[in-house]
Amino acid sequence: MADALPALDLGPELTIVRSAALRERLLAHLGQHAGALRLDLSSASDVDSASVQLLLALRRSLAERGEALHITGLSRAAGDALAVYGLQALFAPAD
Amino acid sequence: MPMNDDDAEIIAAAREGFLEEAGDMLRQFEQALLVMETSPQDTENLNAAFRAAHTIKGTAGLFGFDAVVAFTHNVESVMDALREGTLAPSDTLSALLLQSRDQMEHLLGEVTTGTSDPSVAADSQRLGAALAALLQPTAGASATSPGALPAQASDGQAAEAGPGRWHLCLRFGPDALRSGLDPLAFIRYLGHLGQVVDMHTWHERVPPLAELDAEGCHLGMDLGLLTTADRATIAAVFEFAEDDCDIHILAPDASAAEFQALLDSVNATPAEREAHAALLQAVGCALHAPPAPPPAVTAVTAADEQVITPLERRDNGTGGGTDRRAAEAGRRSNDAKFIRVRADKLDKLIDLIGELVIASSGAQLAAQQEGAPRVAEATLRIHDLVQEARDGALGLRMVPIGETFQRFQRVVRDVSKALGKDVALQITGGDTEMDKSMVETIADPLMHLVRNSLDHGVEPAAERLAQGKPGQGQLALHAYHESGSIVIEVSDDGRGLDRGRILRKAIERGLIGADQPLSDNEVHQLICHPGFSTAEQVTDISGRGVGMDVVKRNIEALRGQMHLVSEAGRGTTTQIRLPLTLAIIDGFLCEVNGVHYVVPLEAVVECIETPGEFHAEPGRISGYFHLRGEMLPYLDLARYFGQASGQDGRRSLLLVRTSTSKVGLIVDRLQGEHQTVIKPLAPMFRDVQGIAGSTILGSGEVALILDVPALVDQCIRTSLGSRLRSAAALLTSRD
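If you read the protein sequences in the order shown, they are chains C and X. Residue numbers for the first sequence follow the numbering used here, beginning at 1 and rising by one. Residue numbers for the second sequence follow the numbering used here, beginning at 1001 and rising by one.
Source of the hints: derived by calculation from the structure; they are not laboratory data. Remember, it's a predicted structure, so these values are computed and weren't measured experimentally. Beta carbons: idealized from backbone N, C-alpha and C, even for Gly. All the pointers check out, no bait thrown in.
Going by beta-carbon spacing under 7 Å, a handful of chain X positions derived as facing chain C:
| hint | residue |
| --- | --- |
| 1 | 1177 |
| 2 | 1187 |
| 3 | 1199 |
| 4 | 1201 |
| 5 | 1203 |
| 6 | 1214 |
Which stretches of chain X does chain C cover? Using the computed rule of at least three CB atoms under 8 Å from a CB of chain C, they are:
| hint | stretch |
| --- | --- |
| 7 | 1180–1186 |
| 8 | 1218–1229 |
Just chain X, same shape as in the assembly (with noise of 0.2 Å):
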């Protein structure tokens, strides 16, 4: 077939595909694998974890990323094992799939980037191997299950076993040829594996020429394999044509009721079963049975299974049904009713929607502004349809955190187990959504909090029991939406931060003063400063210093805010809470000599008169006032950016808060409330220090979005300096 571009870029597309689709096998992979620790003989569980190895060792084969194919094919094979009980799970087989698993990662990383690391390749071979080695023992002792064979057996073991006679009952769909599976291929392949017998072909749905589409395929056929291979060799064989081909492999040993079974499914019309029928009581397959019981009977439903499980047969449509492929069918209906869209198309259309919101806000306003009252309503209908298309549209990017939080149960799993603790996680509220932008930049701070959580939180299993806790350390992962935001906590049940220690530290830091009264709130807090670690030990896992800075930085970059509570041998919660979307959201709006300004609506505790301090030196950028017994910090916006305000009238004092303190900011006027789509600034305007970005009013004119951490960070070094100063120009006003 010749190859042209758009061929190519297909191919292209589809490997991207494979990509995305191989990273979601790799999920379930993983968590069926973690499944499988604590419930062993969950087979739905151990089908699906077979299932994603199949799925990515057959799409790999497809674009021949042989590498993927062939270390892959390894772990599917113990995979078959385990469900079919020749191999019994333990902690040494599942530590072995898991690293598998990261191998196959690896391999698919190297399909990614394009490169290929000879390390990688060693690992490759160093767990094939061991992979293998695990299906060597079961050999022996395998009469009970001939399906079973170990792949590769060795020649002295071929010898001893003999080859036995395996049916196959092949069935190619119309569209194999076009496909490019050739039927003929697969037949001389087979020829590789043992020495095909009784080869029968059926070509009595081969219509006439005139009627025949000539790039159709009609060809159905049976034949025997002589082979010492096992089931999953012989399947692989037709790996890539499960689509097109209806397969059936029935083994030596098959029962009657297996061929029964195969004749039901396989038959559309009774003279074609009775010529099945008859061709195989020919070449010696045991039929001599009583007609097959109905499907509820176990014995059949078992057989049936056999004969479908190993390829994941997709329906055609013809014979019974068994639970299982009732299943199945479930399962891929439950897949329909997801379709991919590119993020890009998605992000346009809420950039869309967001300019909606502007302009029929602008619509509102020029309506009012004529006078119209029809109009008016009519921009008011908009106006509220526009809300529900924005919180519609809103809602497409959000995606539950569920999964963000079930790739912790692995690392749970591996860093407890590298610590020698017993820690057990616990996930609730998986199913809160949040913007996915988030959701992928959230996991990283929280892989920190989990695992400061591991190593330095929960004590080994001695310890907790000498302090009478149970001797099972909890972790918990929790998330919630709470009044427009999502809150998200990570807490562990462990021995909780250490005041003591802390201080210790931050003194020999040099981050305190010796003698500086310090509530436990901040105290707590100071672990998020930059270069703070107090473990002793510096480990593999955390306590190099560089972790909750980082995460407090990662969570104010979207927004959020930080909040640690510990309690002493009790343990510790830190507490995330970030905004539900980065694209939208709730401002106060005022205004600094007639620029208007945005200041997140969650970061507003109130609006109060301009205080005393400020009136009496009214120059200063930024100064101290009290409020109800608390001395905090003000800021003149007007002067910050650069210009007294012309304001002769009354002021305003806006206090807003961050995770750690409350400020005061000093606007001209307040203006209320106002939903805000976000805009990031241009370039040039990326160095402005205080503004997070614009927005346009319904007016027309732009407003600032203002950064209040960044803000408040400012005002609180500024004002430093002149805190004694003012202290003391307080103290003096009082004399």
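Chain C on its own, in the form it takes in the complex (with noise of 0.2 Å):
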């Protein structure tokens, strides 16, 4: 697959107090960037559950307008937050 953008980097605390602002800013990324959105998670060192539910959301929300999440890297942290719920298989890395 080729590398049109690098992937996009959440940064590693991804928790309800940085939440509304990773959804700005991934709505900001949605508005700008057309296609497949590709996100690196390997530097993720704090998952909550807001987060994951974020993760739903622009799963969805990609899903509806027919694009996909590719995930290129996953942190223990956030591996372990998806496979408490037994979402392992939404988001497993793509790369």
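Fit chain to chain and form the complex, with the hints in mind.
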């Protein structure tokens, strides 16, 4: 897969404290870039339910315009959180 | 989350609220335990006890009061077992639970004071172990109800029972995340209880990014939990999530009807229900049953209840309600009819209204003096309204005395058990209202009276039977309103006061002369004398001789009176008469040397002309006079307060009474009844004897409120020495 853009990195802290800001950032990103979204979660060290929910919403937004969400990297914390929810299949790293 | 000053303040306030609520809960808990002793099958009552313990534990957990949580958990488990019928109520059990209640109170007390006493911790250990031991033997016999396995089953038992698959269905509310509840944490924690299987997250309700409330919660999940833990242990994981999460816990042997009820309850749309049903089927839950019959059928109600009860789930508006839930809702809306108000705010309001009463009297007076009829009419109307407002404001402070009475259920139970007596407590007039501050102050004197009755009054059963009385003694607390006062009576059907013994003791103690003739009533009042106690055996309960005089003093401090009526062999009744409120009195206004004095109206017996004895010796402060065959002391208020009266003309005698005697007060002028708002005297005047307070008249002048009991005491003391002399003078004047 050709990397038109570097994957989006949301930083280490994916918690409710930042979830409103992250949502803005993702919305802005979706507004500027058509096509599939590549997301790098390899630096996420702190992941809570708000962020899992954010990923679900992001995935749904992309799906609504017929695009996919590709996770390029998954930190242990992020992987754990998704596994607890039984959602790892939805967000399996694609690359 | 950063903690700033505001947060700290909110938490401090919430902590206070918790402690107050916990106090209420403890009272409810105790109440329910006492009811349990008499009607052990009352499930609603057991539920109330469980709820109380559960609430204390839950909120204590929020504040991290671990000692309270750990101990209360045991109590809660036992209550749960009682509720489910796996544990049978017994005397030892209720005694243990009552002790546990006291222990919870001690632990909460430690939270309040911020101390920690190793002996309290040791008690927690001991009682906790005793409670846990109660649950152990039921493990073997729990085949009928797997939900009641002991919370801490030993390893051996766990292996024997084998883990069951519990089904948990969680629907987090929109505010869960904001409230700091992370579903992740709960599920991870469940991993400590057993193995989480078949995890399914319902994310269909998560909207696209553009519509997402990033801090809201749209998640729900269904999961299986393989564990040997019991329902209470699993439910405890979600302890603090109840408000923000719809929680359903289904036992491994849950019936099809229970699952159907679950489907009905959590799913808003048919599509959701279908998906949910498919999932349940996929994970092997038994759904093969006809659709749930209407909730009126007992089987379903019971099933539904099992889903709901353990967590006292609040109904979020989905699904059908059962009677239980309706009752719950009723209870809540009942709660909502009350608001908590700080006592000092209320006092301030009452104070203001008191000022308003005074100002309105002033306005009325001014209008009369100005001779402006229209203004006078308007002020009259205002005056009426102010009076109504005053009554209403005072009513706010009024609370029924029943709550105080109820506390004595426990006292009577404990004390009569300790004494080996069988005593029933009867409470009547519990809804009689009185001022809140007085309710609090009256509790101690009442405690003394009740203990006295139990200890000295009611005889042991054998003695009672020998006298042809029923073996069970009766103790009654009765309250009622009578002409502006509240009357509280403590009566027993015991042996009554022993006149001979009281007299012997009084003579022995030098309280009275050996051959002094005394009426029954006078003899009875002797037991209120400081240092008087006739109990031959000093017991734990009473009999230290600090009883009745303290009671009497406390009651007089409330401007009340105490009166004893007793009949040998038939019992004793102690009557306490108290004013309805401490803030306002109906007074009788009089004038001495240009100063206004108010005498509480209930103390006034009659007004008469100054007697001949007074005219015979006008220079005396006090003396004696005859009234219809009774010899009574009098006190010249003018001289008593330091200055002979300047009044040349007729003066009057105001006959006042206390609980024990009558005294005549000589005043210059009688001015009639006057409603008085009592204001305390400035600290400077605290030591002035005979003055209880002050008030402001409509004219703006200050009037002093007389402390009648103190005046009477003073009067009797100063006139005792002159009694003989006065009697002698009387005899000579007759000769």
